[in-house]
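If you read the protein sequences in the order shown, they are chains U and F.
Just so you know, my numbering puts the end of the first sequence at 310, numbered straight through with nothing missing.
Just so you know, my numbering puts the end of the second sequence at 583, numbered straight through with nothing missing.
Keep in mind the hints are simulated off the structure, nothing from the lab.
Even for Gly, the Cβ is constructed at its ideal location relative to N, Cα and C.
Possibly wrong hints are sitting among the right ones.
Stated by the list, open to error - Sample of chain U residues facing chain F (criterion: CB under 7 Å; computed from the structure):
(1) L64
(2) F81
(3) F162
Unchecked claim - The calculated lysine-lysine pairs, modelled on DSBU-like cross-linking and capped at a C-alpha distance of 30 Å, are:
(4) K489/F to K352/F
(5) K128/U to K489/F
(6) K352/F to K128/U
(7) K352/F to K305/U
(8) K575/F to K489/F
(9) K575/F to K305/U
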Amino acid sequence: MAQDSAGIEPPPGTRKRAERPRGFEWALVALAILYPMALMAGPLLAIVWGALSSGFGAMARQLASPEAVNALRLTLLLSLAATALNTVFGLVVALVLTRDDFKGRRALNGLIDLPFAFSPVIAGFTLILLFGRNGWFMSLIDSLNLRVVFALPGMLMATTFISLPFVARAVAPVLRHVGQEQENVAYTMGAGYWRTFWSVTLPNIRWGLLYGVSLTFARAVGEFGAVLVVGGGVTRFTETATLYIYRSLDDRNEVGAYAMVLALAVISFCLLWLMEYARKHAQDE
Amino acid sequence: MNATRAQTYSPTSVAPLPWGRWSLRVVALIWLGVMIALPLAVLFEHGLREGVVKFWAEITNPVALAAVRLTIFAAAVMTLINAVMGTLTAYVLTRYRFFGSRLLNSLIDLPFAIPTLVTGVMLVLLYGPQRTLGAWLEARGAQIIFAQPGIVLALLFITYPFVIRSVQPVLMAIEREQEEAAWTLGASRWKTFTRVILPMITPAIVSGALLSFARALGEFGSIVVVAGNIPRSTLTAPVYVFGQIESQNQMGASAVSIMLLALSFTLMLLVDWMQKKRGGEHGAG
């Protein structure tokens with residue numbers, strides 16, 4: 026049954042092949058297709074149409090402007106750095122959640138989901154309260170001659186915070202599912218902690234990890250509220266791609282805004298493809 | 299060193315070396331402490347610094363109150379629609395095979411990949427008052443952008459995957475035989491669904507719906523472009539917080555932030571508790 030209709034491999038022996046809808050069921054299918062079409066395809070077509078009507082030449086010129094290039098470069102840089110941080114620490118957190126047992130573990134498990142409940146605006150705001158004027162750590166940063174708020178360190182912290190749970194949340198269930206047996210075998214055979222992680226644990230969780238990493242990166246690229254609050258969106262300095270769109274709309278530079286919207290939409294589709302690729306492989310295993 | 303030490307462990311519980319275990323634990327605790335507990339602490343300290351009376355005055359400010367009420371109302375409307383459409387889509391995707399079902403399934407996660415600001419801009423492009431569809435609708439008395447329907451529409455877009463992705467695995471795990479047994483006993487398809495399947499997937503529907511509700515409470519990027527942000531009419535709580543930060547009223551921003559966080563965190567705890575009860579993989583146990 027290579028052509029599984031749902032695109033998701035069922036857990037072995039739990040589900041028979043999906044069937045063709047009959048009669049009334051076609052109405053359900055139609056509803057399930059038409060709803061996302063109206064909700065998402067319409068707006069997507071509108072942006073493509075809007076972009077076409079402003080002309081590709083004009084859009085390309087806008088995207089090649091120094092401001093746009095700088096904004097895209099900053100977004101890429103911040104997202105890569107935040108993803109790297111969250112991959113390393115997310116793996117550590119996932120390992121602690123599944124392979125360790127101590128009193129505070131439950132609290133840890135609740136804490137990791139908190140960024141899901143944080144509005145991005147509030148996330149940026151807490152950084153101002155910590156590092157801004159009259160903030161908790163203002164004297165410390167001043168003595169170190171650092172700038173956090175309205176500068177890159179603050180924006181990196183905001184981006185990292187907002188995308189923090191994804192890797193740990195994608196990897197932990199896989200770690201739990203794979204179990205500890207293979208790792209224990211490796212230990213018994215004399216492999217050390219690192220060796221076991223690299224040659225046993227990591228290969229087992231690679232697809233779940235890739236899924237988590239691509240979600241993290243997508244979230245980081247699209248971050249807006251938190252970097253707006255903490256970075257201030259100073260052109261060419263703390264302006265990311267999303268902040269560039271926001272400013273262009275304010276300046277009535279619609280062509281520039283649509284060009285960047287389209288660029289981000291293209292990036293999103295690439296990331297979606299990566300997410301789906303990883304998700305399918307993760308489900309196969 | 300690793301080899302000899304590892305072999306001294308009893309074969310039944312071959313665990314990682316204590317030093318590795320401890321360092322992982324410490325790294326995870328410090329990471330989550332600095333990144334999550336600290337921002338939370340500063341927010342609460344700031345909101346309650348000038349006493350409960352001041353805090354209460356800030357959250358009962360009529361504009362703030364209206365903003366919070368609107369946020370909850372829009373999120374609730376969205377959640378209801380999402381629960382119904384999400385369940386239907388998940389059911390159709392797991393049970394039927396039709397032209398485009400694979401494609402539909404791999405496009406479900408699209409809202410996770412698209413920046414929410416981009417979502418907002420696309421919606422304005424399609425439904426904005428000067429746009430084709432927007433102008434047509436407005437001529438018939440239906441204003442979407444810069445009005446409350448636009449807020450609900452944006453929330454529906456960004457939370458589209460939540461219920462589907464929560465219900466789908468549960469539906470796939472339900473034995474097809476149970477459904478077939480109900481049919482052979484003479485139950486209609488509808489009766490089978492409401493009596494056999496629905497009770498089994500209700501917890502998944504509720505947890506997906508609650509998650510989308512919590513997510514909607516904090517939404518900023520799409521709403522800030524779509525809503526028009528008129529106080530007491532289309533100003534949502536996160537946008538209100540943003541305004542307070544911009545006008546240097548940190549006290550007001552903290553107070554409303556604390557309220558929003560308390561609300562969405564309670565919901566997340568509820569989801570966690572439900573998933574633990576269900577024996578899902580999400581919980582610590």
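What hints, given by number in increasing order, does this structure fail? 2, 3, 4, 5, 6, 7
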